[in-house]
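On the provided structure of chain D, position chain U as indicated by the hints.
Just so you know, the sequences run in chain order D and U. Using this note's numbering, the first residue of the first sequence is number 1, and each one after it goes up by one. Using this note's numbering, the first residue of the second sequence is number 1, and each one after it goes up by one.
Just to be clear, a hint being listed does not mean it is correct.
[Unchecked claim] Result set (DSS-like, lysine-lysine): computed pairs, CA atoms no more than 30 angstroms apart in a straight line: (1) Lys-182(D) / Lys-332(U); (2) Lys-193(U) / Lys-107(U); (3) Lys-304(D) / Lys-182(D); (4) Lys-182(D) / Lys-326(U); (5) Lys-165(U) / Lys-153(U); (6) Lys-241(U) / Lys-208(D); (7) Lys-110(D) / Lys-326(U); (8) Lys-165(U) / Lys-241(U); (9) Lys-218(D) / Lys-286(U); (10) Lys-282(D) / Lys-109(U); (11) Lys-110(D) / Lys-332(U); (12) Lys-400(D) / Lys-241(U).
Since the hints were made in silico from the structure, they are not lab data.
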Amino acid sequence: MSEPVKNTLLFLLVGGLILLTGFMQSWNSAILILNMGLISAIMAIGVNLQWGFAGLFNVGVMGFVALGGLAVVLVAAAPTAGAWGAGGIGIVLALLMGAATVVAAVFVTKKMPKGRTRMLVLIAIMIGGFFLYRGVFDPNVAAVEAINPAAAGNIGGLSLPVLLAWPAGGLLAAGAAWLIGKTALGLRSDYLAIATLGIAEIIIAVLKNEDWLARGVKNVIGLPRPVPYEIDLQNDPSFVERASGLGLDPVTASTLYVKLGYSVLFLIVLLVLLWMAQMALKSPWGRMMRAIRDNEVAAEAMGKDVTRRHLQIFVLGSAICGIAGAMMTTLDGQLTPGTYQPLRFTFLIWVMVIVGGSGNNFGAVLGAMLIWFLWVQVEPIGLWLMQVITSGMADGSALKEHLIDSAAHMRLLTMGLVLLLVLRFSPRGLIPEH
Amino acid sequence: MDFLNAIVALSNFVLVPAIAYGSQLALGALGVTLIYGILRFSNFAHGDTMAFGAMIAVLVTWWLQSMGVGLGPLPTALLALPVAILGCMALVLITDRLVYHFYREQKAKPVILVIVSMGVMFIMNGLVRFIIGPNDQRFADGERFLISARDFKEMTGLREGLAIKTTQGLTVVVAVIAVALLFWFLNKTRTGKSMRAYSDNEDLALLSGINPERVVMYTWLIVAALATTAGVLYGLDKSFKPFVYFQLLLPIFASAIVGGLGNPLGAIAGGFIIAFSEVTITYAWKKVLTYVLPDALAPSGLVQLLSTDYKFAVSFVILLIVLLYKPTGLFKGKAV
Chain D
1 MSEPVKNTLL FLLVGGLILL TGFMQSWNSA ILILNMGLIS AIMAIGVNLQ
51 WGFAGLFNVG VMGFVALGGL AVVLVAAAPT AGAWGAGGIG IVLALLMGAA
101 TVVAAVFVTK KMPKGRTRML VLIAIMIGGF FLYRGVFDPN VAAVEAINPA
151 AAGNIGGLSL PVLLAWPAGG LLAAGAAWLI GKTALGLRSD YLAIATLGIA
201 EIIIAVLKNE DWLARGVKNV IGLPRPVPYE IDLQNDPSFV ERASGLGLDP
251 VTASTLYVKL GYSVLFLIVL LVLLWMAQMA LKSPWGRMMR AIRDNEVAAE
301 AMGKDVTRRH LQIFVLGSAI CGIAGAMMTT LDGQLTPGTY QPLRFTFLIW
351 VMVIVGGSGN NFGAVLGAML IWFLWVQVEP IGLWLMQVIT SGMADGSALK
401 EHLIDSAAHM RLLTMGLVLL LVLRFSPRGL IPEH
Chain U
1 MDFLNAIVAL SNFVLVPAIA YGSQLALGAL GVTLIYGILR FSNFAHGDTM
51 AFGAMIAVLV TWWLQSMGVG LGPLPTALLA LPVAILGCMA LVLITDRLVY
101 HFYREQKAKP VILVIVSMGV MFIMNGLVRF IIGPNDQRFA DGERFLISAR
151 DFKEMTGLRE GLAIKTTQGL TVVVAVIAVA LLFWFLNKTR TGKSMRAYSD
201 NEDLALLSGI NPERVVMYTW LIVAALATTA GVLYGLDKSF KPFVYFQLLL
251 PIFASAIVGG LGNPLGAIAG GFIIAFSEVT ITYAWKKVLT YVLPDALAPS
301 GLVQLLSTDY KFAVSFVILL IVLLYKPTGL FKGKAV
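Next up, chain D with everything else stripped away, as it sits in the complex (with noise of 0.2 angstroms):
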C-alpha cells in the first residue's frame, strides 16, 4: 500500500469512526465530538511545531490553550459600566509600575558591574517596586471587584466581534510565551519541561484568583457566538420550513445548524493554519528547524542562530495554541478556569501529536482527531466492558457496584497504554515524518 493511500484510509477511519457516533448515538454528539476533535487538531499542530520540528518540549499548552479563553473575555463580553473608571486604570498603571520594576531590575543586571553594590541594589529595587505595585494595585482591584460582584465584579471586555477574539488569543499567548522564551528557552530539555509546567500551573491560578480579570472561579457566562442561536432559528419560520423539508424536528435541527456553523469556522482555520504549517516546513526555515533539532552544534557552526530560532518557533507554536483555546472558549461559550487540567489540556495534546507522528502536520492532525474520539467513547465503552464483565455478579454487590462507578477513570488508563504502546511498537507515529 502506497503511502498516500494509506494516509487516506487512516483519515477516512476516523471520519467513519465519527459518522458511526452519528448513526448510533445522535448526530449531535457525533458533530460535538468533530468540533472539538478540530480544536485539538490545531493544538496538536501548535505542539508539533515546537516538538516535531524545534524539538523543544513544552508541558505548558494548557496555559496558552487557557490565555487564549482569557482573550475571548477581554476582547468579546460586554464591558462592566463603570468598571476602568473605578479601578481599571489603576490596575493598568499598577501593571505597568510592575513590569517597569523588572525591567529596572534587568537593567541594573546588565549596566552595573557585579558585586555587593549591585546585589543592594538590586534588592531595593524588588522590594520597593513590590510594595508601590502592590500599594496602587490593591485598592483599584477592590474598587472593581465591588461592582456588581454577583454578575460582574469585573473589567468586562471590549464588545468587539468574538471571532476577533481568535487572534486576539493567539496573539496573548505569543505575548506570554515570548516573555517565558527569553527566560526559559536556554534551559536543557527537561528543565524546559518543568519550567513550562510551572507557567501553565501560574496562568491558571492566575486566571483563578484575579476576580476583576475575568471573575475567576466565579466564571464568565454568557459569552457572544459567532454563529445564531438556537432558540432564534427555531423561532425564525423560514427556518422551520426549510427543516421540515429535510424531515428534521426544528430544535433538533437548529442544534444541529449551530454545531456544523461552528464546524465550518473551524475547519476553515485549521486548513489555513494546516496548510501555513506545510508551508513552512517545506520552506527553507523549516529545513533549518529540523537541522536544528537534528544536531544544533553542527547547525550553530553553520551560522544559524539556534537561541533565537528556539524562541521564534516557541512562540509560534504557543501562539496556535491560544488561538485554539480562543476557539474552545467561544464553543463552550463561557471561561471555567476550574476545568483547566494539565492532564486534559497538556498532556492529552502530546499523546495526540505522539500517536499522530511527530514531525508530520497531517499526523497530527490525525492523531488529534483520532485521540478525542477515543476520550469520548471510551467512557461508554468502559461502562459497557463493566457491566459485561459484573453482568455474572451479585446485584448490590459492592464489587460490582465499584467497578461500574470507576468506568468513567478508564480513559486515563487507555491513554496511557495507547500512548505506551504506540512508543514501543510504532514509535515514529501513525503518520511518519519523511
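Okay, now just chain U, sitting in the frame of chain D:
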C-alpha cells in the same frame, strides 16, 4: 514577652508547618533525584507513584481499622506503611520490566524516556482513580496533637499558642530515619557504592563489573520506598487526594533541581528551601509584626506578600532564579 509571643506565633504558623512540608518534599525529591542520577531521565510519573503507594497505605489502614488494630496514639497508617512500600515496589518493578527496560536496551534518548514516563503517569493516575476514586480520603487516626495550642498557653502563660500535630512530628522523625538509612546504604554498603559509581560514570562502572540491571533494580526499590513514605506522610498531614499528588510534581521537581539533579544532599536542601519560601511568602505576617514592631508602626493590612493560591509561583520563581544563575543547582548536580 511580646518578643516571645512573636517567636511562638512564627513557629506555630511558619516554622513547624514548613519543616514538616519540607521533609515531605525532600523525600519526594530524593526519589526524583535518584532516578535522574541512575536512570538518567526526569520521571514525570513520580507524583503518581507517591499516590499509588499512599493509596495502598490508605486501603490497608482502613482494613486494620475495621479489624480494630491500632497503634494507640500513633496513626495506624504506620503499620500499613511497610505493606504499602512492598506494593509500590512491586508496581515500579513491573513497570520497569514492561516499559523502561526496553528503552534502556535501546539506549533511547532521555527525552524519549520522559515522554514514556508521561504514559506511565497516565496509567498510574488512572489506576489510582480506578481503585480508590478521585475524592478526598481521610485515614489519619490516633492522637491529633503532640502539643495543642491551649495546653501550650496554659503551660507557658503566653498569649500565643504553639500547636504541633502528631503527623508533623511523625513526618520529621520518619524523614530523618529514612534519610539516615538512605545515606548509610549509599555510603557504606556494596550495592550503594556501586549505585554511586554507576551514577558518576556509567562506562567505568560497567568496566569494573557492576551489573547495571541490579543497580537499576535497587534504585527502583529505594525510590518506591521513598515515594510511598513521602506520599503517606503527606496524606497523613494534609489529606489523600490523587490529583494533589500530581500537583506536588512541580514543587518536588523544583526541590530536586534547585539542589542539583542527581545529588541526594541537594534534594534535601532543595526541599527545605522550597518549603520555607512557599510558607514564608504566602503567610500573613500581621500577627508576628504586631508583636515585634512598636505600636506606631503596627501594620494595618495582613502583610501577606502573595495569596496562598500562588504558592506554585514561589517554587517556580526560585527554580528560575537558581537555573539562571547556577544551572546545575546549588549543590553540583549532573547534566545529561
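Next on the checklist: Check the hint pairing Lys-193(U) with Lys-107(U) against an upper bound of 30 angstroms on the C-alpha distance.
Outcome noted: 23 angstroms, holds
Next on the checklist: Hint check: Lys-182(D) vs Lys-326(U), CA-CA at most 30 angstroms. Holds or violated?
Outcome noted: 17 angstroms, holds
Checklist entry - Is Lys-241(U) close enough to Lys-208(D), meaning Cα to Cα at most 30 angstroms? => result 20 angstroms, holds
Checklist entry - Is Lys-165(U) within 30 angstroms of Lys-153(U), Cα to Cα? => result 16 angstroms, holds
Next on the checklist: Against the 30 angstroms threshold, does the CA-CA distance of Lys-282(D) and Lys-109(U) hold or violate the hint?
Outcome noted: 26 angstroms, holds
Checklist entry - Given the hinted pair Lys-400(D) and Lys-241(U), is their alpha-carbon gap at most 30 angstroms? => result 23 angstroms, holds
Item to check | Agreement of Lys-182(D) and Lys-332(U) with the hint, judged by alpha carbon distance not exceeding 30 angstroms | outcome: 25 angstroms, holds
Next on the checklist: Does Lys-332(U) sit within 30 angstroms of Lys-110(D), going by the straight-line distance between their CA atoms?
Outcome noted: 26 angstroms, holds
Checklist entry - Is the hinted pair Lys-165(U) and Lys-241(U) satisfied, with a Cα-Cα distance of at most 30 angstroms? => result 20 angstroms, holds
Checklist entry - Does Lys-286(U) lie within 30 angstroms of Lys-218(D) when you go C-alpha to C-alpha? => result 29 angstroms, holds
Item to check | Lys-110(D) paired with Lys-326(U) [C-alpha distance capped at 30 angstroms] | outcome: OK: Lys-110(D) and Lys-326(U) at ~17 angstroms, within 30 angstroms.
Next on the checklist: Please verify whether Lys-304(D) and Lys-182(D) have alpha carbons no more than 30 angstroms apart.
Outcome noted: 18 angstroms, holds
Going down the numbered hints, you'll see the structure goes against none, and every one checks out.
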